[in-house]
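Protein chains: 2
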Amino acid sequence: MTAPTTSAARLFSFIGSDAGAWRVERMHCVVGEPMPAVRALTVVAGEVPTSAAGASWRLRGITSNERYVERAEKTALVGKQEGLGRQASTCAALIPIRKNAAWWALTQDERRRVFEAQSRHIAIGLQYLPAVARRLHHCRDLGADEPFDFLTWFEYAPSDSASFDQLLEALRTSPEWAYVDRESDIRLASEWVPSPGSSPC
Amino acid sequence: MTAPTTSAARLFSFIGSDAGAWRVERMHCVVGEPMPAVRALTVVAGEVPTSAAGASWRLRGITSNERYVERAEKTALVGKQEGLGRQASTCAALIPIRKNAAWWALTQDERRRVFEAQSRHIAIGLQYLPAVARRLHHCRDLGADEPFDFLTWFEYAPSDSASFDQLLEALRTSPEWAYVDRESDIRLASEWVPSPGSSPC
Numbered sequence: 003m004t005a006p007t008t009s010a011a012r013l014f015s016f017i018g019s020d021a022g023a024w025r026v027e028r029m030h031c032v033v034g035e036p037m038p039a040v041r042a043l044t045v046v047a048g049e050v051p052t053s054a055a056g057a058s059w060r061l062r063g064i065t066s067n068e069r070y071v072e073r074a075e076k077t078a079l080v081g082k083q084e085g086l087g088r089q090a091s092t093c094a095a096l097i098p099i100r101k102n103a104a105w106w107a108l109t110q111d112e113r114r115r116v117f118e119a120q121s122r123h124i125a126i127g128l129q130y131l132p133a134v135a136r137r138l139h140h141c142r143d144l145g146a147d148e149p150f151d152f153l154t155w156f157e158y159a160p161s162d163s164a165s166f167d168q169l170l171e172a173l174r175t176s177p178e179w180a181y182v183d184r185e186s187d188i189r190l191a192s193e194w195v196p197s198p199g200s201s202p203c
Numbered sequence: 003m004t005a006p007t008t009s010a011a012r013l014f015s016f017i018g019s020d021a022g023a024w025r026v027e028r029m030h031c032v033v034g035e036p037m038p039a040v041r042a043l044t045v046v047a048g049e050v051p052t053s054a055a056g057a058s059w060r061l062r063g064i065t066s067n068e069r070y071v072e073r074a075e076k077t078a079l080v081g082k083q084e085g086l087g088r089q090a091s092t093c094a095a096l097i098p099i100r101k102n103a104a105w106w107a108l109t110q111d112e113r114r115r116v117f118e119a120q121s122r123h124i125a126i127g128l129q130y131l132p133a134v135a136r137r138l139h140h141c142r143d144l145g146a147d148e149p150f151d152f153l154t155w156f157e158y159a160p161s162d163s164a165s166f167d168q169l170l171e172a173l174r175t176s177p178e179w180a181y182v183d184r185e186s187d188i189r190l191a192s193e194w195v196p197s198p199g200s201s202p203c
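Line by line, the protein sequences give chains B and C. In the working numbering, each residue carries its 1-based index in the first sequence increased by 2. In the working numbering, each residue carries its 1-based index in the second sequence increased by 2.
Next comes chain B alone, as it looks inside the complex (with noise of 0.2 Å):
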């Protein structure tokens, strides 16, 4: 199956390999089982086999309707966002995350309650707006053995990256973080030659 590769697509294919659009800056594993180290990164839509030449590994994500966002927040968010593949946008971050049973066995209103009211998730994401564009990939109903929950992509320019760690600092010492067992942090930069005195991401 090829997911078409138009603005519709929703599946999403990570590749970690030796060489590719995006190189790796840094990896750091924040819990739970680490990914294998890779040098570099390439996103494509669509499918693509377990056995890609060259592959590492491979994680799969589908972007899907909003779980918690309500109405006026999705206002707030639609009015201030960017999209992906600004020219500026010289760093990026795959973040992949699962978490735990307990989190699963919420009801909606609880895990409503845990993500906003409690953690802020969507007031904090809407701090870093529109410096920090994002988009969500969900891997939790992909199939049985998905390694991870959530596939998050994040796109920046290098002036912005302390604030994107800002951002995450802010999100992990939220209660919401708590459910979280496994995460990973990838760092990227394009495959761009900086001109003399640009920062590196």
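Check the hints yourself; a few may be wrong.
Said to hold, decoys possible - Among chain B residues calculated to face chain C with C-beta under 10 Å, some are:
(1) ALA11
(2) ARG12
(3) GLU49
(4) SER53
(5) SER58
(6) TRP59
(7) VAL71
(8) ARG73
(9) GLU75
(10) LEU108
(11) ARG114
(12) HIS140
(13) ARG142
(14) LEU144
(15) ALA146
(16) ASP187
These aren't lab readings, by the way, just hints derived from the structure by calculation. Ideal Cβ placement from N, Cα and C applies to all residues, glycine included.
Once you have looked at the hints, place chain C on chain B.
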């Protein structure tokens, strides 16, 4: 990939063919493209190839976390419901549905409002417990090309057939169903030899 055939299995395959554990009593297309007619259905825990011997079609779905149910509703449901596989439940139904793009563009609060405040989906289902046992499978996020969004499997005794029809009628006339753009209704009987005078499904 094969999911374990234990109580922890989340992925299920529904195989329409000429012979199987459940005999098709009737198939009815409620809205949208019809499913090809088959004589029997088999339910398997885990993944089955689309080319499985004798299969006319195969649908897949995965059990997942609650999307709308709140804690008080969950407590009421768990207190009344019974599991699948009851000896007297010789009738079953598989009801695949797909919702339209307008549904999926709603935010969480908007979908909850249609689902329960306007349509009383949970309250209606509760009225038919424990007679009608049920397992909901999600398909929308299994991949980019799934033909349905949900597969619901129901089991009940022949004497509850009329109640089951009432349950479906109440849901299908609710505001939520304005968002359903494909639905089939497949009624099944277990391949069990009825005693004289027993009711059909």
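Minimum beta-carbon distance criterion (10 Å), B/ALA11 to chain C = holds (7 Å)
request  = Identify whether the interface hint at B/SER58 stands, where standing means a beta carbon of chain C within less than 10 Å of its own.
outcome  = Violated. Min distance 20 Å.
query = Quick one, is the B/LEU144 hint okay against chain C at 10 Å, beta carbons?
reply = At about 6 Å, which falls below the 10 Å cut-off, the nearest Cβ of chain C leaves the hint on B/LEU144 intact, so it holds.
key: Evaluation of the interface hint that places B/TRP59 against chain C, nearest CB under 10 Å   = Check failed: Cβ of B/TRP59 comes no nearer than 16 Å to chain C, outside 10 Å.
query = Once the shortest beta carbon distance from B/ARG12 to chain C is found, is it less than 10 Å?
reply = At 5 Å from the nearest chain C Cβ, B/ARG12 passes the 10 Å test, so the hint holds.
task = Would you settle whether the hint for B/ARG142 is holds or violated, based on the nearest Cβ-Cβ distance to chain C being less than 10 Å?
result = For B/ARG142, the interface hint holds, since the closest Cβ of chain C sits about 7 Å away, which is under 10 Å.
key: B/ARG114 as an interface hint toward chain C, with CB separation required under 10 Å   = holds (7 Å)
query = Can we keep the B/ALA146 interface hint, with Cβ of chain C closer than 10 Å?
reply = holds (4 Å)
key: Satisfaction of the B/HIS140 interface hint, Cβ to chain C closer than 10 Å   = holds (6 Å)
ask   = Is the shortest C-beta separation between B/ASP187 and chain C less than 10 Å?
value = Because about 24 Å separates B/ASP187 from the closest Cβ in chain C, which is outside the 10 Å limit, the hint is violated.
ask   = Should the interface hint for B/SER53 be scored as holding, given a Cβ-Cβ cut-off of 10 Å against chain C?
value = violated (14 Å)
message = Less than 10 Å between beta-carbons is the criterion; does B/GLU75 satisfy it with respect to chain C?
response = This interface hint holds because 8 Å falls under the 10 Å limit.
Of the hints listed earlier, those the structure fails to meet are numbers 4, 5, 6, 16, in rising order.
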